[in-house]
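When you get a sec, could you build the whole thing from the sequences and use the hints?
Number of protein chains: 2
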Amino acid sequence: MRTFAIRLGGLALSLAALNGAETWREQGVIHLDKSPHAKLHSVPVNAVTMGNGFWAARRKAIFEKSIPGSLTMIEQSGVMDNFRRLTGKKDVPYRGPVFADSDIYKWIDAVGYKLQSVSDPELRATVDRLTDEIVAVQEPSGYLGTKFTGPELPNRLKTWTGHETYNLGHMLQGAISYYRATGDRKLLDASARYVNYLYEEFARQGKPLVCGHPELEMGAIELYRTTGDKRHLDLAAYLLNSDFHESLKLDRDTVWYSYTGIPFTERTRVEGHAVRSMYALSGATDYYLETGDPKYRETLEKIWKTLVSNSMYVTGGVGARAHQEAIGEAFELPNNAYGESCAAIGSLMWNWRMLAATGEARFTDVIERALYNGINSGVSLDGNLYCYQNPLEGWGLKTRNEWYYVACCPPNLERTIGALPGYLYSTSRDGVYVHLFHNSAMDWHLEDGTGLKLTQTTEYPWKDAVEIAVAPAKPSEFTMYVRIPGWSRSASVAVNGKPVSNARPGEYLAVRRRWQEGDKLTAKFDLGTQLITANPRLADDLGKLAVQRGPLIYCLEQHDQSEPLALLRLAVGRDPGKDFTPEFRSEFLGGVMVLRHKGQALEGDEPLYAPLGALAKSRTRSADLTLIPYYAWENRGAVPMKVWIPFATR
Amino acid sequence: MRTFAIRLGGLALSLAALNGAETWREQGVIHLDKSPHAKLHSVPVNAVTMGNGFWAARRKAIFEKSIPGSLTMIEQSGVMDNFRRLTGKKDVPYRGPVFADSDIYKWIDAVGYKLQSVSDPELRATVDRLTDEIVAVQEPSGYLGTKFTGPELPNRLKTWTGHETYNLGHMLQGAISYYRATGDRKLLDASARYVNYLYEEFARQGKPLVCGHPELEMGAIELYRTTGDKRHLDLAAYLLNSDFHESLKLDRDTVWYSYTGIPFTERTRVEGHAVRSMYALSGATDYYLETGDPKYRETLEKIWKTLVSNSMYVTGGVGARAHQEAIGEAFELPNNAYGESCAAIGSLMWNWRMLAATGEARFTDVIERALYNGINSGVSLDGNLYCYQNPLEGWGLKTRNEWYYVACCPPNLERTIGALPGYLYSTSRDGVYVHLFHNSAMDWHLEDGTGLKLTQTTEYPWKDAVEIAVAPAKPSEFTMYVRIPGWSRSASVAVNGKPVSNARPGEYLAVRRRWQEGDKLTAKFDLGTQLITANPRLADDLGKLAVQRGPLIYCLEQHDQSEPLALLRLAVGRDPGKDFTPEFRSEFLGGVMVLRHKGQALEGDEPLYAPLGALAKSRTRSADLTLIPYYAWENRGAVPMKVWIPFATR
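In order, the protein sequences belong to chains Y and Z. Per my numbering, the first sequence runs over residues 1456 to 2105. Per my numbering, the second sequence runs over residues 1456 to 2105.
The list treats identical chains as interchangeable, and a pair is accepted whether it falls inside one copy or across any two copies.
Only pairs whose alpha carbons sit at most 27 Å apart, straight line, appear in this in silico DSS-like list of lysine-lysine:
1. 1853 / 1704
2. 2072 / 1760
3. 2072 / 2033
4. 1489 / 1641
Hints were generated in silico from the structure; no laboratory data involved.
This is how it looks when you write it as structure tokens:
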């Protein structure tokens, strides 16, 4: 089907595509064109050009600061020297955690996404050089890993903590992203040899193998989508479906923590290590997309409900506990959250796959929530500092850092924001989906091969209007599926000025008609400020509200208040939306809509603890509060911050 | 004055005492008899025999399980081998943190307190043997420490992180406690030599010296009280009053964290590392007790207000943050508290000194709160497991452990509960103070030398009545200062059945009369269950109540409920005290009063987050809740637990 995509790169390309030689250019963040159970199919990153607007400065910082800065940190932390020591180029000991290899793979993943959007020959030359150094280490068997050589060799592929499959998973994702940017197969072929080795050595022989940190499942299935080699899917199946907890002596806590070791379909909820959980669920959804196994669908649906009904922060963050970096129990969502950046990214990856399987907007709502908030908070505005944790409350402890010994988050954030164009649109058999809103131009085609350009014009999320110019190569009947965000209390959609009915928040509005060049679809959402209450089971949010405007969760940061944060409360009237005044400040925090609010400051002198009823009502005075989007916190030094804010009724 | 104490040990002892040779028997937990600014003076531990009741089983477990068990762990962790390696008895490397020496000193401290209460020749022989091994390591200069020899020698007494003064402080406390139990001066004299060395090498020469972990201040002043050697006080003064932050290049964070390096009187609040803060404040109060420096009094008073008005948990615990084990900002008191056992103990020690300086019951209220709750929670009922952290909310993570690499808490808990008899009573110039309530017999004397026996009979804290038989050796006019606990909404006191007026909660009731053998003072407190609200600045406790009965804070532990804890709420009527039914269960958790309550369980199916007003009021059903005293939690496995419980009004 993709061979119809002849409009992308001029004649030379289209001929190549017809020859099947450049299909790499036509593959999206996950390549679902041949996935029988995918309802939606990704649009290549290179087919979507993002314009000015909310994400432009973020992507600029990622491309110009984060990606080059990260390579410096990766080199400084010895990741590449771990390879060089094996080829004799460096005489140094192994450095870093067992998963250090993954840092460079994830960085290549990020570079791949950059190169899918913009050309950068110098960066490409750097990757090629690094790839040579990586591939030089590959053993004739296919094994490739820098830790388990020398004294560690006896533990090779034996321990669930070895992270070798994790490293390989990231190698695959990095290799595939780079391949989809450049067509260069060097790293891809090396990673495929390693997968083949694992398949032959373990899966075919029934020897136990476990993803102590799930990741290879996703990677191997994406490799299968890229190569068509069934062994690659079978390896993932082997990992997902086998029960190794006895043969590998994995105790209950390990099975819980690592989200692996038992057949996936025995799981009932998100649990254990947050990132492991999200990655395993992503891989399992990939497996469903390829196999349609109904037991998987059922399991995924059941587990997804536990995520959104009791284990997700209002920022889209996942993972309550620092201990074991774990998700925690149902409703365990304290505001001094762990909320690892990688876990929110994992949730985005999982929900993207669920969306592909179903076409249902409830998954996109989670994607958008995580993307704009709990992921977006993970990189500083200047692109130089990263959050490993994304708490919903701060007391002045530094959260953003230049780098981490466990450096999973920085390149993960870079590859995610780098891949962003690939998350805006999808195609389906009967049309095209608009998931996210941003100035952008899609130059792609319907699944019948008809060329299609979409030009989106919007100041989302600051303003409420979206305009999409729809330009098929020839007039065609198809469906435009436009997402009506779940947070929007109402929405209006029109085509060429004529209202379309049935725009329901939390759904895709299907607009089926004969579209032709010049058509314009417009949508308007309700950007009134909303006050969010938490389920009463979230005991730490009792008496508090979160403030949301569009997809953005807001916070109070001490910098913007004249009173200590502990004294401040929201004062809420009959129509809470009216209590907040949006004010766009173009020079502030990279350009943000702040919310101004007449709140209250406590001024009584109550004891710390007192018998119920012994105290008079707290005295308060009026106080001017200014809220900023959560993602922009701690860009001016570490001071107290709160997402969930106590409130009083006026 | 103490030479009048001829009743304690029979004729031989009294003669010795008259000779001044056995004053060691007459010294309390801190020995204030010659402290000019002490209003109260400690009663020796050996002069108070504790009877059956609340603390009896705890002390039995400490004496029979914890103390012997801890020595095993201390030996296993290599603490004594660190000494043996220096005398050539063992050929092993140094093991453990830089403060490993302190573990054995603190253990000897605990043993000293045990031996002040009960005889145990075998244990005494063990300490003597260990003391020989310790003292053998002392250098001719007086220096004694196992870490800073060999390769670490260049750092000796140079770094604020070296903990050498911390180790010495604990050596002093252990040596003094053992001396007060046995009269054995061996360890005491060795520790004094070390203090003299520091005095001569540093204080006298004006060379910078810093307590990177405050502790030596307390130790040196207690040594001064024991030896009368002014140099020992002067060393403490040198540590407390000097400004070394420039000469030792201590940055702001270090000064904040370590609660040292700048003159004590420049402090304005509890801050930094919780234990350091509490120990420094204890030492500073000791300094005030000896010098009466008004600037110290003022500083201590100001800082104490910050503790009780914004930095103390309802359990008496101190320290919100795992990061740096720090106290946190004003009102930073999340329920997944750090609450290190040592910090609550430090608060007890500090408040005990403030009480001695003032005779004011507000300090005793803090002592009792910490002792019954945040300290008492630190040892399992069987005496085999210890909490390093004492959170007010649990989600099933194991908190009680057999031992810790940083093993400060276990022997600290042992010495504190071991010293308990010494905290029940004090004397003053005009009489005697009753601080805490427990079956006990004090056999001591007034400060004019008149013998005095007090026999306290009570089932406190389970029951509301206390009877004190007052038996002076001869009829004498003096004041009985009886503490009326701050938590008791009302109290009645009678002498020989005749009511005494003006019993005010949170104060000592002064009953001055001519007392004679056969007199009985009775007191009755209000043990009605109380519901406690937190200051509205404690945002995490909004919409929640703590349940208190007497000095005990209660909690909900999952073991005792039939519904998941996240669903449960208290249901509070007009007279909340009536909503709880106390029920004593003698076979349960070592014998506790549980509280039964008809509460509510949420049963709606609300989304995790929703716009304010979008939800109907949560549906609930009635649920039977059982609350247990907080200190007894996690004695049946780690399950969810809550001190602050959401509530609804009925």
